[in-house]
Amino acid sequence: MTVPQPPAPPGTAPDNGRATPHGRWRRPIGRGLAAAGAVATGAALAVLVAQPDAVAPRLTGPARAVVFVGTAWLVFAVGGWQVRRLPVRTATVLIVLGGTVLPLAAGSAPPRSSDDMYRYIWDGRVQSTGIDPYRYVPAAPELVDQRDDFLWPVRASWCVPADAVDPDHGRPLAPGCTLINRPTVHTVYPPAAQAIFAAVYLGWPSGREAPLQRTMAGFALATTILLLIGLRVMRADPRLAVLWAWCPTVALEAGNNAHVDVAAAFLTGLALLVLARAGTRRAGILGGVLLGLAVATKLTPLLVTPAVLRRRPVLVATAVAGTVALVYLPHVLAVGTQVVGYIPGYLNEEGYASGGRFALLTLFMPTAWAAPVAVAVLAAVALRAGRTAEPDQPWLAATTVTGTALIIAAPTYPWYALLLILLVALGGRTEWLAVAAAAYLAQYGPNLHLTTESAQRIGYAAAVVTVVTVAVLRRRRTPSGPHPLSVDP
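The numbering used here puts the sequence shown at residues 1 to 489.
Hints were generated in silico from the structure; no laboratory data involved.
Hints are supplied without guarantee of correctness; some may be wrong.
As the list claims (entries may be wrong) - Listed next, with one range per pair, are the computed distances between beta-carbon atoms: (1) I131 <-> A353: 25 to 35 Å; (2) T469 <-> F150: 40 to 50 Å; (3) E390 <-> P87: 23 to 33 Å.
All C-beta atoms, glycine included, are put in the ideal place defined by N, C-alpha and C.
From just these sequences and the hints, can you work out the full model?
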């Protein structure tokens with residue numbers, strides 16, 4: 001027998017254990033407004049990072065960049081959480097909105113924390129005259145007629161003295177100050193990146209910073225759209241794309257500093273999605289070619305290769321290697337071994353050759369051991385990835401390899417983490433975003449009165465604790481029901 005319940009008081013909803021239609025309507029609206037507010041706040045913070053003196057002249061001090069970037073990460077965490085709880089269609093609109101607005105807001109001023117863009121512009125300009133970008137260093141006398149007041153002002157951070165000589169050939173160099181970093185050494189950027197630089201310069205020869213900033217912002221947005229489509233095709237949650245689209249690293253390093261790493265991330269994402277569904281030889285070749293182009297844009301996508309070799313390994317590996325070789329071939333024919341550029345010198349300059357830059361490893365071992373131990377650890381992780389990676393989800397193993405490489409190397413350059421952020425967005429392993437955040441502490445450590453080494457150790461050690469803790473909790477959780485990333489069509 002059912003006991004009748006008294007009617008609810010006027011103006012109250014019945015308590016039946018479920019949200020009322022009115023409540024179901026209110027919650028998505030509230031979350032949507034909160035997520036839109038996160039986009040607006042994130043854009044404002046991106047502008048603050050890009051031009052703090054113009055927007056907030058009263059906010060001074062060396063720590064202000066840390067405050068702005070740290071707040072941007074907090075807003076990203078809150079906004080991303082809200083988006084993940086919205087209906088897919090509403091979330092998609094907000095994700096695309098944020099992926100468009102945030103990089104453009106960050107690109108509202110010249111680069112703040114990197115001068116790599118000026119080397120990009122120079123390399124594009126040199127190529128526009130028919131000269132191979134690997135042939136001469138920027139300060140070579142053969143390129144004096146390419147100088148202008150923008151890249152070669154009277155005063156700049158990099159100056160070539162009158163007695164400077166080419167380190168490779170011992171020839172005198174032309175003196176002068178420039179915005180181009182390391183003007184006495186050859187470029188380090190691979191041929192596919194050089195093709196992008198040349199295309200941008202030919203399209204906007206007098207555009208200064210803005211053309212490259214908008215181009216890289218375009219690659220960031222293209223990656224957002226790729227994720228939204230690709231995740232749905234893979235029957236995963238397309239709302240994971242917010243982890244890329246709204247990440248402060250993507251906005252700042254693509255939109256403001258215009259790092260070519262974002263183009264490499266786009267090509268890597270496209271390659272992984274093709275290879276995850278590579279049911280035919282043609283798909284395997286296409287995926288390998290795309291990954292080869294990514295490697296020829298920035299060498300870091302090499303870290304992804306062990307995870308994609310479970311299916312058609314010979315075919316995919318041949319396609320990757322063949323594409324890289326084909327892209328390099330014209331430059332090898334033109335300048336020979338000079339295509340290597342300053343890569344060996346860069347590794348030595350950064351302390352990786354000697355082992356001194358491996359901040360976490362040198363806590364436990366002599367500096368001289370750090371480099372070989374780093375290689376051994378990364379090789380072991382890559383070998384395990386090659387044996388255990390899921391062919392239908394190669395980004396999971398690739399996340400582990402790439403994240404481990406960044407923890408070992410402990411870079412002070414946040415843009416190196418763009419590839420990792422892409423992989424996190426594909427696989428949903430959000431704990432690895434701690435590695436991307438750690439790079440900012442390593443970069444801005446001196447602003448907090450920390451040595452660079454101390455900042456590296458604090459940031460990357462915290463990232464290790466985060467990753468390990470979440471991994472342990474995930475293993476203890478008993479899997480049941482549908483895959484956690486699946487979404488109803």
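The hints, checked one at a time:
Roughly 30 Å separates the CB atoms of I131 and A353, a value that falls within the hinted 25 to 35 Å. For the pair T469 and F150, the beta carbons lie near 49 Å from each other, so the given range of 40 to 50 Å is met. At about 29 Å, the CB distance of E390 to P87 agrees with the hint of 23 to 33 Å.
In this structure, every one of the numbered hints holds.
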